[in-house]
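Required output: the full structure, derived from the provided sequences and hints.
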Amino acid sequence: DQQVKQNSPSLSVQEGRISILNCDYTNSMFDYFLWYKKYPAEGPTFLISISSIKDKNEDGRFTVFLNKSAKHLSLHIVPSQPGDSAVYFCAARTGYQKVTFGTGTKLQVIP
Amino acid sequence: GAGVSQSPRYKVAKRGQDVALRCDPISGHVSLFWYQQALGQGPEFLTYFQNEAQLDKSGLPSDRFFAERPEGSVSTLKIQRTQQEDSAVYLCASSLDGEGSNQPQHFGDGTRLSIL
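Read top to bottom, the protein sequences are chains A and B.
If you read the first sequence in the working numbering, its first letter stands for residue 1231, the second for the next number, and so on.
If you read the second sequence in the working numbering, its first letter stands for residue 4, the second for the next number, and so on.
Heads up, none of these hints are tricks.
Sample of chain A residues at the chain B side, in silico, Cβ under 8 angstroms:
| # | residue |
| --- | --- |
| 1 | Tyr1262 |
| 2 | Val1329 |
| 3 | Gly1334 |
Using C-beta positions, here's what the derived DEER-type ranges look like:
| # | chain 1 | residue 1 | chain 2 | residue 2 | range |
| --- | --- | --- | --- | --- | --- |
| 4 | A | Lys1284 | B | Glu74 | 31 to 39 angstroms |
| 5 | B | Gln86 | A | Thr1275 | 26 to 34 angstroms |
| 6 | A | Lys1328 | B | Ser10 | 21 to 29 angstroms |
| 7 | A | Ile1250 | B | Ser117 | 35 to 43 angstroms |
| 8 | B | Lys81 | A | Pro1341 | 41 to 49 angstroms |
| 9 | B | Ser8 | A | Ala1300 | 37 to 45 angstroms |
| 10 | B | Gln86 | A | Pro1309 | 44 to 52 angstroms |
| 11 | A | Pro1341 | B | Ala56 | 43 to 51 angstroms |
| 12 | A | Gly1290 | B | Gly19 | 44 to 52 angstroms |
| 13 | B | Gly19 | A | Arg1291 | 47 to 55 angstroms |
| 14 | B | Leu119 | A | Pro1270 | 18 to 26 angstroms |
Simulated from the structure, these hints should not be mistaken for lab results.
Every residue, glycine too, gets a C-beta built ideally from N, C-alpha and C.
Structural data, given as structure tokens:
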């Protein structure tokens, strides 16, 4: 039972354009959502998060949007840079801090 | 060091051997987590410690898996009688606060375990 789903395994975007990564979840008890970025042979690195009481959180080039009624969140990166090329994991949490991850989306930013 | 440190980075073992994986969390971090990441998948939760107390071990796949954090800092994940399906990257993460905190988890680079 995949409670956090990232249906696009990969995405290619031109440098300078917007990257939009999508994530759907099924557990309405999730109260906190996170995005992690992962380079090969490294552990995931925290990128940005959003509480379930908000619908948007922005940090520099990164913005996360949450649509609770649709159980959907998205990560926008603008402008995209080649260094953003990595695997992005959507994650969600309920209660303490047990985090459920999606399967990841590999982003390639083309120079 | 400043980050979460895991050792060894790579471990190859024969089926049936026991292995021990080590995690040094960020100093002062209360919470410690272990995850298992299979190829092409996201990390999956194994177990959670708050200081030395193991508060959740619901993700451990079998009784061959055992984790401890006896002094509330370094943690060891032990797998007994390894099987080929145990082959994965094992990730450790720590966070500053305990239950209910919005502090993000900081991950180590993982131990890649290969069972032959």
